[in-house]
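Asker: Protein chains in written order, with the working numbering: chain L, 1 to 641; chain Y, 1001 to 1353.
Be aware that one or more of the hints could be misleading.
The calculated DSSO-like cross-link candidates involving lysine-lysine, where the alpha carbons are at most 30 Å apart (straight line), are [claimed, not checked]:
(1) K407(L) x K1013(Y)
(2) K407(L) x K368(L)
(3) K73(L) x K4(L)
(4) K1013(Y) x K470(L)
(5) K471(L) x K1175(Y)
(6) K470(L) x K1097(Y)
(7) K472(L) x K1059(Y)
(8) K1265(Y) x K470(L)
(9) K472(L) x K1265(Y)
(10) K4(L) x K58(L)
(11) K232(L) x K470(L)
(12) K1014(Y) x K407(L)
(13) K234(L) x K295(L)
(14) K232(L) x K591(L)
(15) K470(L) x K1177(Y)
(16) K1007(Y) x K459(L)
(17) K408(L) x K1109(Y)
(18) K472(L) x K1266(Y)
(19) K1013(Y) x K371(L)
(20) K1059(Y) x K470(L)
(21) K31(L) x K73(L)
Source of the hints: derived by calculation from the structure; they are not laboratory data.
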Amino acid sequence: MKTKIGVYICHCGGNISDYVDVEKVKQAIEKEEGVSLSKTTIFACADSNQKEMVEDIKNNNLEGVVVASCSPKLHQITFRAVTERAGLNKYNYVHANIREQASWAHSDKKTEATEKAIQIVKAAVAKARLATSLNPIKIESKKSVAVIGAGVAGLKSALELANMGVNVHLIERDFFIGGRVAQWDNLCTSNDKGKDIISRLYKEISSKKNIQLYTGAEVISYSGSIGDFHLKLKIQPRFIHNNSNTEKLQKAIDACPVEVPDAFNFNITKRKAIYKNFPGEFPELPVIDIVSCTKCGVCEKICDQIDFSQKEEIIDINIGSVLMATGFDPYMPAEAEFGYQQSDNVITLPQFQRLIANSNNKLSYLNKEIKNIAFIYCVGSRQVEGENKYCSRYCCTTTIHAAIEAKKKFPEINNFHFTRGIRTYGKQEILYRESLLNGDVYLQSYEDDPAQVLIENGKTIVRINDILTKKKEVDIDADLVVLVTGMTPREDNSIGSLFKLPKGRDKFFNEIHMKLRPVETVIDGITIAGACQGPKNVMESINSGLSAAVKSYSYVSKGELELEPIIAVINKDACIWCGKCAAVCPFGAIKMENDGKKDFAIMNNSVCKGCGMCLPVCPTDAIELIAYSNKEIESMIDALL
Amino acid sequence: MSRINTKFGTDLKKFGTVDFQACYNCGNCTAVCSLSTEEHSFPREMVRYSALGMQDEIKASLKPWLCYYCGECTEHCPQTANPGELMMSLRRWLTAKYDWTGLSGLLYKSFALTFIAMLLIAVGVIAFAFKENFNQETIMHFGHYFEMFAVGAVFALILTPNLIRMWWYVIVKPKVKADFKIYLNSAKELFIHMFTQKRALGCDDNQVRWFEHMILVFGYIALLFTTVFLDWFSATNKFIIVLGYVESIVIFIVTFHFMLGRIQKKKEVAKFSQPSDWLFVIWLFLMGFSAFFVRLFIDMGLIENHFWIYLFHIIVLVQWAAIIVPFGKWSHFLYRSFAMYFENIIASAGKKN
Chain L
1 MKTKIGVYIC HCGGNISDYV DVEKVKQAIE KEEGVSLSKT TIFACADSNQ KEMVEDIKNN
61 NLEGVVVASC SPKLHQITFR AVTERAGLNK YNYVHANIRE QASWAHSDKK TEATEKAIQI
121 VKAAVAKARL ATSLNPIKIE SKKSVAVIGA GVAGLKSALE LANMGVNVHL IERDFFIGGR
181 VAQWDNLCTS NDKGKDIISR LYKEISSKKN IQLYTGAEVI SYSGSIGDFH LKLKIQPRFI
241 HNNSNTEKLQ KAIDACPVEV PDAFNFNITK RKAIYKNFPG EFPELPVIDI VSCTKCGVCE
301 KICDQIDFSQ KEEIIDINIG SVLMATGFDP YMPAEAEFGY QQSDNVITLP QFQRLIANSN
361 NKLSYLNKEI KNIAFIYCVG SRQVEGENKY CSRYCCTTTI HAAIEAKKKF PEINNFHFTR
421 GIRTYGKQEI LYRESLLNGD VYLQSYEDDP AQVLIENGKT IVRINDILTK KKEVDIDADL
481 VVLVTGMTPR EDNSIGSLFK LPKGRDKFFN EIHMKLRPVE TVIDGITIAG ACQGPKNVME
541 SINSGLSAAV KSYSYVSKGE LELEPIIAVI NKDACIWCGK CAAVCPFGAI KMENDGKKDF
601 AIMNNSVCKG CGMCLPVCPT DAIELIAYSN KEIESMIDAL L
Chain Y
1001 MSRINTKFGT DLKKFGTVDF QACYNCGNCT AVCSLSTEEH SFPREMVRYS ALGMQDEIKA
1061 SLKPWLCYYC GECTEHCPQT ANPGELMMSL RRWLTAKYDW TGLSGLLYKS FALTFIAMLL
1121 IAVGVIAFAF KENFNQETIM HFGHYFEMFA VGAVFALILT PNLIRMWWYV IVKPKVKADF
1181 KIYLNSAKEL FIHMFTQKRA LGCDDNQVRW FEHMILVFGY IALLFTTVFL DWFSATNKFI
1241 IVLGYVESIV IFIVTFHFML GRIQKKKEVA KFSQPSDWLF VIWLFLMGFS AFFVRLFIDM
1301 GLIENHFWIY LFHIIVLVQW AAIIVPFGKW SHFLYRSFAM YFENIIASAG KKN
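Full structure from sequences and hints, please.
Answerer: See the structure below:
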């Protein structure tokens, strides 16, 4: 029991003292057991008072400190720091809120407000008497990070982590790196090509000894927690030996008789079963798509480096943190949505981008020359009826940029934009102007009256009631209709399910706090970056990749982690393992264990957040929360009554 | 329903538009316009029709004529899409559409053609004078009758049919039902606007320009009357002689000021000049200026030895009467006042029904 407790009662300028008689509070508290010093102060948080507190604690060898002022959300950290500066363990500090809970709440009843304030401070003193010094829990943390997804966000964060001296396992499910960005030709507002950016990043990655890249790799299981995750990877073989002869391989590709839709070009072209996406792609080694391959053996005869005996590998990795950068899938329009799959000349924006990138001299699609292009915006985004309420943010700019690029390449074309309002925010606005000056026509409608795609006598007519022209009905005869499809979460969410990553309303992975903790997830040690978190453009993806890298680094940089000591502890002897605590724990920190004599609950100290959910459900009262023990809470209640 | 026609925008460029396609429909132009009203809101609507190539709507609209080009819309346009110059270009385009001969359109679009036409007329006049052995009396006599004849012919053959076409586009085709009484009652508007251009006073800070323009109109009409009906160059009456001098001075001083404005480009209205604008103002200036000197030479007895001054005057005059009046900017004098007249008819018919 402490006998030297210092109590400070704050005026808060008048916010408290105008309604609560702080002198009276001080007089009442002075007499409390254990209180050796009590003071009032105009502003407890002021620098001068903080210094005075430090002096008081040192000179009087105070064992506990209470400040009665505002909400602990505002200044608990401030005063804990004061006690620490004075050499007193910060858990000996107790905060009493007499502003929000007394003066502001009862400004019309001053006497009662004062009485209530006295009780609140007494309760705080009661807690302070029993408070004990605590030290942070220290756990070992592996100095390596797994980056899942080698798209632009993953590549950039892997590089950044490697630069900071961390071992990086870069895991890519596809056989080639670069993700979506590798699929884009010219990027907007900078003069780069998507694949050039990827090859620059690849060159940097390959020069780093502390980055291990796995392609064709999937995470199949995971265990452990922050500082000590264990992942199991399944790595598919390429069926081709490294250092193969490029010429022979090209001949093998040419000879392959199997043709399947090329996903790299969003299925508007075909590829072979042995393939690479484009010259100079990384890794610069083709792969055999074993699902489509008929094993006819034609390629083997041409190139002896092809080896069907290669087997998939399973490897284990041990890391301190996981950085998720698994990207997005473009929205797939439903059948008949704006004529999709009803008419051959209705395609999506990603398909259009590949079409422009692959076309030269003349723009044609399915052997039909293209003159009039109709872009229909917000397909799969900002849906009134559908699931996707959000704006995909990148599509207005990308479409306008694609229209400009197309016009540059094929000056004869006409672009018609059927929009629901253009959002080319920031520097991208100049593209909008450029496209307008190119003579592109913009039409607009509200969500309840969207543009219509009509197939009439073999013609594809796009019609709209243009709200910019007195809602007049206007139309065009389109040779190509491009559905401006937004971003959606990955259709295959197996990785999210594996890690039990929470998803937001829009089904993308969710951060803890949109503004204050934008790359952290509720699972300690797992960060998110790029478009797996929500629609982002290249620049934004890289930004989030960099910040996730720094956050992941902070978990592993010291080789050990300091965690908050206020956690729940389980009394093994009292525990009868009913499993109720494990069921209510939102963090999955409680597991069952058996020592050969009985089943009992065991707490993972690095996962417990000290929320206290497990306490009330325990039938044998076997769990106690450090710093909020029954004894402490009971003494506070006694003081209040 | 109408099909979007992007070629129209390209076509309109030849009539003088400047970047109007940069418009992103904020509507600032319409908000700042002091002549735009809720019922007659412009210029954004016209920018939009132009972007979509809705020619029928533009032909049926009088809005281009309701704008008197103060230039505020252009000053406030965040996209520098020059709505003011678009309205000006639409007036040129409408002038070309009203003209049944189609010559206006050709001349607006091609300066080369305009130049050749002007040159041919000059050569023709000189050839005629050569044929007449530069006989002063015959040529001056001819000149006087040419003026009378030209006024009549241009009105009868070109301008009246064109006005009928304008009426067709804006009243008959849109099926405005107006009886004769409405036409009669609205006639007052026609003459008020023809001779006062009072709507131009609705533009902010436009008093000086309005005044200059009005005295130019009066000076021009009066000089036409003085030379054609009072036969100024042969007059002996002192009053008529002085009247002619005053009128011609008014014309060349005001037009000189207008030319200066187009060179200095301080005001929006004068920033973009098409060949048709230059021709109009320069030829009006030359007419006033040469008429003044012809009469001065007559009064000083110099004309016999300096007959070239009259030849110059008659060349300018024939070019003016044969090209600029029927196919050039001159006709805005009629279309603007008739637009106010038709607008009044449409409004009265609307009220009645």
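Asker: Would you pick out the hints that fail for this structure and give their numbers low to high?
Answerer: 8, 9, 11, 18
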